[in-house]
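Asks: Construct the entire structure; sequences and hints are all you get.
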Amino acid sequence: MIEWSEYREQLVQCFREFSKLAPDTMKGIASLGQAGVKTRFLDTKTRELISLAVAVTTRCDGCIAFHASEAKKAGATVDELSEALGVAIHLNAGAALVYSARTLDAFNKA
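All the letters of the sequence shown, read from the start, carry residue numbers 1 to 110 under UniProt numbering.
Read the hints as simulated data drawn from the structure, not as lab findings. All C-beta atoms, glycine included, are put in the ideal place defined by N, C-alpha and C. Wrong hints could be hidden among the right ones.
To be verified - Here are the simulated BS3-like pairs of lysine-lysine, each with C-alpha atoms no more than 30 Å apart in a straight line: (1) LYS45 <-> LYS72; (2) LYS73 <-> LYS27; (3) LYS38 <-> LYS72; (4) LYS45 <-> LYS27; (5) LYS45 <-> LYS73; (6) LYS27 <-> LYS38; (7) LYS27 <-> LYS72; (8) LYS38 <-> LYS20; (9) LYS73 <-> LYS38.
To be verified - Each pair of labels, with its calculated beta carbon distance range: (10) THR25 <-> ALA101: 31 to 41 Å; (11) SER31 <-> PHE107: 36 to 46 Å; (12) GLY75 <-> TYR7: 18 to 28 Å.
Replies: Structural data, given as structure tokens:
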């Protein structure tokens, strides 16, 4: 398995380098992140659990590295995370089912 804290630090270094090359892009990403934490209805723990579920569906190891730590800091439990991951698994299965129907349709019309 991955050493997540080391991986997170490696990503931070890469992001610093990229920030020098594309400062406007990094400012835009930072702005999106700041807007996301200014919500009125979701607490930090819920946002972090959602972030982890989305990270699973998008297969983003970097997102997992950052948001696992933040979710734990926000007080998320392994049981809460397991439920959020169950939702991600269900959605991925649902997406595969929907795209299976699309694939059958494309095949039948080919």
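Asks: Determine for every hint whether it applies to the structure shown.
Replies: So, going through the hints one by one against the coordinates:
1. Using a Cα cut-off of 30 Å, the hinted pair LYS45 and LYS72 holds, with the two alpha carbons roughly 8 Å apart.
2. For the proposed pair LYS73 and LYS27, the alpha carbon gap of about 25 Å is at most 30 Å, so the pair holds.
3. A distance of roughly 20 Å separates the Cα atoms of LYS38 and LYS72; the hinted pair therefore holds under the 30 Å criterion.
4. Our distance criterion of 30 Å between C-alpha atoms is met by LYS45 and LYS27, whose separation comes to about 25 Å.
5. At roughly 8 Å between alpha-carbon atoms, LYS45 and LYS73 fall within 30 Å of each other, so this suggested pair holds.
6. Among the hinted pairs, LYS27 with LYS38 is consistent with the structure: their alpha-carbon atoms are about 17 Å apart, no more than 30 Å.
7. With a CA separation close to 26 Å, the supplied pair LYS27 and LYS72 stays within the 30 Å bound.
8. This hinted pair checks out: LYS38 and LYS20 have alpha carbons roughly 27 Å apart, not beyond 30 Å.
9. Among the hinted pairs, LYS73 with LYS38 is consistent with the structure: their alpha-carbon atoms are about 18 Å apart, no more than 30 Å.
10. Between THR25 and ALA101 the beta carbons are some 37 Å apart, a value that agrees with the proposed interval 31 to 41 Å.
11. Remark: the range hint 36 to 46 Å for SER31 to PHE107 is upheld by a beta-carbon distance near 43 Å.
12. Take GLY75 and TYR7: their Cβ atoms lie about 23 Å apart, and the range 18 to 28 Å holds.
Every hint from the earlier list agrees with this structure, and none is contradicted.
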